[in-house]
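**Student:** Sequence:
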Amino acid sequence: MYADIFGCIRRDPKRRILRAGESIRADGKYQFKYYVDGKPHFVYSWKLEPTDTLPQGKKPCLSLREMEKQIGYDLDAMLDPQKKNMTVMELVERYLRTRTAVKPQTKTNYNFVVNLLKKEEFSGRKIGTIKTSDAKLFLIKMQSDGRGYSSVKTVRGVLRPAFQMAVDDDILVKNPFGFQLAGVVVNDSKTREAITKEQMRKFLKFVHDDNTYCKYYEAVFILFHTGMRISEFCGLTLKDIDLQNRIVNIDHQLQRTSKMEYVIQTTKTNAGKRQIPITEEVARCFQAIIEDREKPRREPFVDGYCGFLYFDENGMPLVALHWEYRFNRMVSKYNEIYRIQMPNITPHICRHTYCSNQAKAGMNPKTLQYLMGHSEIGVTLDVYTHLGLEDAAAELHRMEEVQNARQEMNRTKDEAV
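Residue numbers (our numbering): 58 to 474.
What you were told as hints is all true, and nothing was included just to trick you.
Cut-off 27 angstroms, straight-line C-alpha distance, at most; resulting in silico cross-link-like pairs (DSS-like, lysine-lysine):
1) Lys90 x Lys141
2) Lys210 x Lys193
3) Lys71 x Lys116
4) Lys141 x Lys86
5) Lys417 x Lys330
6) Lys116 x Lys140
7) Lys325 x Lys210
8) Lys96 x Lys140
9) Lys90 x Lys126
10) Lys231 x Lys126
11) Lys390 x Lys272
12) Lys116 x Lys90
13) Lys126 x Lys140
14) Lys325 x Lys164
15) Lys115 x Lys86
16) Lys272 x Lys296
17) Lys423 x Lys254
18) Lys126 x Lys183
19) Lys259 x Lys417
20) Lys188 x Lys126
21) Lys116 x Lys126
22) Lys316 x Lys164
23) Lys316 x Lys175
24) Lys193 x Lys231
25) Lys325 x Lys296
26) Lys210 x Lys141
27) Lys231 x Lys176
28) Lys71 x Lys115
29) Lys210 x Lys160
30) Lys140 x Lys164
31) Lys193 x Lys175
32) Lys330 x Lys160
33) Lys296 x Lys352
34) Lys160 x Lys175
35) Lys86 x Lys126
36) Lys231 x Lys188
Pair ranges (Cβ atoms, derived):
37) Glu381 x Lys352: 20 to 28 angstroms
38) Gly129 x Met317: 52 to 60 angstroms
39) Pro357 x Lys262: 30 to 38 angstroms
40) Thr269 x Lys352: 21 to 29 angstroms
Keep in mind the hints are simulated off the structure, nothing from the lab.
Yeah, the Cβ is synthetic: ideal placement off N, Cα and C, and Gly gets one too.
Start from the sequences, fold in the hints, and give me the full structure.
**Tutor:** Listed below in structure tokens is the structure:
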């Protein structure tokens, strides 16, 4: 450290005045000392000014004055420069510690993201160095490495709120993941297509007539004609079914965690809590299920709920995975018998088929949104956007018939006058 003859001005070997907090070490390296929350912090450089020549053999670096400018900006903006040195993984783990009241499936998704990020170099980068272009390139790289669109979307679904938390905590000024995913990565995921009415009719007839799977006919029919989520169907109990008024109450769902624990949860969204009217045919199916229901030796209770409709060999209620397996076996057997193959059918495709059928029948979108339990009307309207030429032609023909009928009625009135 250098000082003039009065001892109050410090200079470097080039006789340049050093500012408050600046000093030079015995090895010739410049140092700047500053405080954050009363704690001292240091930055170092081999150059005082950007124009200084870098000592031979030393790695390129920012000058001390450039570092000071950055630190000064951060401090003036009430930012903590030390937390900007947090890695992406540390930020994600910090964010996930705040996500305590989440459903088991959400926790599973979080674990998936953490395990995936641990394999990426991106997770070790400091959050203060991440720009929007870096975020986009990372997601593009993931897809180029063979990750599916849904995986990329899931990872981004954690990184975006994690970085937003850093913005809210005044660590960062801008969220680098605050962009729309469309246009950055290609949505190459396969959409779950609804099957046609004819395919639904043939599949239901097959299930009804099959010696092995006929006992599941009523359940398959109900899923095709109510649009319930499979977890909602699995969670139904005897008291949720009002056959007299033909109403089914849906206010919970049954899940089984990765630890094989049975849990009752609220519906997927607040809109999922609903009462749905059922047709006479659906009511008859429920009646048949209730009449054929084999009461287990010991009625299972899950979080206070009992009276479930179907049970496995251990006397526990069936969950989504059971039905996924049964649908897979039913479709496989159908395709072994018939030359014209049946496409993949899952409980969710039953739900999508119901939604599509109601849209084609001209049901009001808001009514359909309620029946489906969609929280956003856009999800419901997306079904309408997938209607094809035949649907458009049929609707146009229907409107033409309505218009002709009105004209005929008007002519009849005029003649009567």
